[in-house]
Amino acid sequence: MNKDKQPALPLDFNLPKETTELKGLDGKTYLQFTSHMVTFYKQTYGEHSRFFLALRDGRLIGAECPKCKQVMVPAATWHCPSCNFVEMKEVNLPHRGVLAATAPITVFPSASFIGDAPFCRGYVDVARSAPAASFMPSRLQTLTGLPRPGIFVKGTELKLVFEKDRVGSIRDVFWVPASELTKEQLAKEPLLATELDFATPKAPDVKKDAKLTGVRDAAVAAMRKMAADVERSPRAQKDIAGRTHSVGVKTGGGDFTLHVSNGRMRIDDGIGDKVEFVMVAADPQVFSDWVADGSLTDGVVEGKIWLPNKESFAVLPILDRLPRSVRRDIKDAAR
Amino acid sequence: MRKVGIVGAGITECRGRWVEATYWELFQMAVRRTLDDAKMTTDEIDSVVFGIYNDIFEHQAIPESSLTGIIGMANKPGTRVTSGGATGFYAMRTAYMEVASGVSETVLCVGGEKATDCFDPRSQTATPMVIDTIAKSWDPFYEYPLGATASDSYMQMCMGYNDSYPNDIGDSHVRAKIVEMMCRQGNRNPFAQRRDETVTAEQVEASRWIIAPFLRLLEACMYTEGAGGLIFASEKKAREISERTGSPIIWVKGVGAANEAYAPGRGSYYKPLDRIVSDRLAAERAYAMAGVKASDIQIVELHDAFVAQLMITMGELGFVPVGKTRKLVDEGIMADIRELGDDKRPKKGQIMINPSGGLIFGGHFVGGSNMFSMWSLRREMIQRQMALGLIHGTGAINAVFGGAMVVELDGGAK
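Protein sequences, first through last, are from chains A and B.
One point on numbering: in the working numbering, the residue at position 201 of the first sequence is 201, and numbering is uninterrupted.
So the mapping is simple: the working numbering equals the position in the second sequence, first residue as 1, plus 335.
Hints listed in this document are in silico derivations from the structure and should not be mistaken for laboratory results.
Here the structure is a predicted model, which is why all the values come from computation and not from measurement.
Distance condition first, Cα-Cα at most 20 Å in a straight line; then the derived SDA-like pairs of lysine to any residue:
no.	chain 1	residue 1	chain 2	residue 2
1	A	154	B	501
2	A	69	B	602
3	B	471	A	76
4	A	23	B	352
5	A	304	B	541
6	A	250	A	314
From the derived model, a few chain A residues whose C-beta atoms are all more than 12 Å from chain B:
no.	residue
7	57
8	180
9	189
10	195
11	199
12	200
13	213
14	217
15	268
16	311
17	312
18	328
Where is the CB? At the ideal position from N, CA and C, for every residue including glycine.
Model the full structure from these sequences, guided by the hints.
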């Protein structure tokens, strides 16, 4: 295999060849063997090749029916199923569209997409002047951090963005809300992802609210109590063993920094210079909820917590284990 | 077409994983129980219809080939049906047609799935691989590479519906209440996967999000291993078997199905994102064939992949207005099992929804889930003496496959 290329199947996506024992509900011993059903493909794009070749050229094309004038994007076929399979003609489509329906955000992906989450995909109405049209299944991205509820809602005006290196894949393109772009960027075709700044999204402004100071203080007190409990919880220490994180947290009731290192957790007031990233939550209550067996991941899913990128999101499931681990160890100790 | 009756049903226990049995044993177990229920032997069966969703789950292409001899169907005709989540429904439709057409007198319809032998090496758990296998239901050109899951696909429908019909499925109290009520129903089903669980509305609302704002962990169906079987018979044969068993015949009165286009879009034949048209068309066709209206039916076993979808489906099936499906709870249209016990009929204006506990509490062995629903419907109709009942199945990406079957208790309700 060419060492410069990514393998189609990641190398760690494998199991040792073995047969192991396991117990049934009847108490008897059963055997299970590791195996796979992997098939490799060199799958032709066939009639779809035109669409992907056009993407590589920085163009978006569809198929238009000369009779009913419907437009298919992408062209699932070049013969109109509504008009006795009359041959459709290739049309260039605008790099602007509208989100056809509010789009779900994937937080718990399938095995092949772990590491990509959270991500958003939805259906874009591109051929808006056509009397009928298919919607384009699309990746949706924002320049304002991770996708959150309220950004990709029905009717959102979108602009098509092309990856700089295009291979001939539906992932060669994605859509960004038009409201996040300048006039010049909106006018450019093709607009390249490298012309946009996804790496340093601007954190949302949080208005300091005196009414939330108490909520923030209560959250910090609850987290400090949990930090003390982590000292007595082997499960919690195991959860964060070998991990070092400094996370700045901006809230409407005041800021703090959450440190994790050497199996310990610490909360400092304010945000230092050397934090790994800053998360933003207008209402600090979300942190009290977390300590009370809640979940920071839920805070992101609901849009209560803002995060800059995927790397920061990956820290949350680890932190989410702590309240439960602490509770279980305290319960065990009480016995 | 000839009259067709259901005269036997049998299912396995629904489990998250059967380490004690492969799909060979699960299918045979279901067949043994089905034939036992009908007091029949394999000799009396003319042909078999298999419902198996996915070769990857069974880990064998044409898995029905290895099942044929084991379930006593050697040297008989066998047809395998695979139609996504609606596989069970379409298998029943095929079995029905085979008898109705006169090709067979008796058909064994058996469906099942062995889903959780799948294993993800990176997370060292089954779930991400099960999700990945189901995600292969997307095409490899445009959709699969975007990474969506089955949950995303059904939630896309829910979000589209909510865009057009706000203030309905979005109330998490209403959804949680339905889950709580279905949990109580599942507790009565001796084969249900979650028969020993107590889930309250509060617990549902406190459970982790999968996809906001319509899907929390406790609002989703199960991954299940199991199998279920049914006997479809001609009128003459059905009466003979019914006499033998002492169990009344459940007649198939109406069958409707519709598969929408794969691609969502605007106008023409495209799938609209705010409705489950497949459900609506399937139900309308089944009602027309049966000569009944939704308001004549007071018991339904529907395919509840997710609670928000259950609500939309109840609207599409005509039981509550589309856009106001929360009436199921707000106006007490969903019958409370605590008031009905084991043998009472729901009051006028009320409907029993998924007395089995549905796919959320009962289980969802994909190839046979709708047979599981039929097993439960038959049981409840006989026990409660209810004249009419409805089965519903949904499947494939964006809920584009739909099926409905109206059945009738022989002799009507006593």
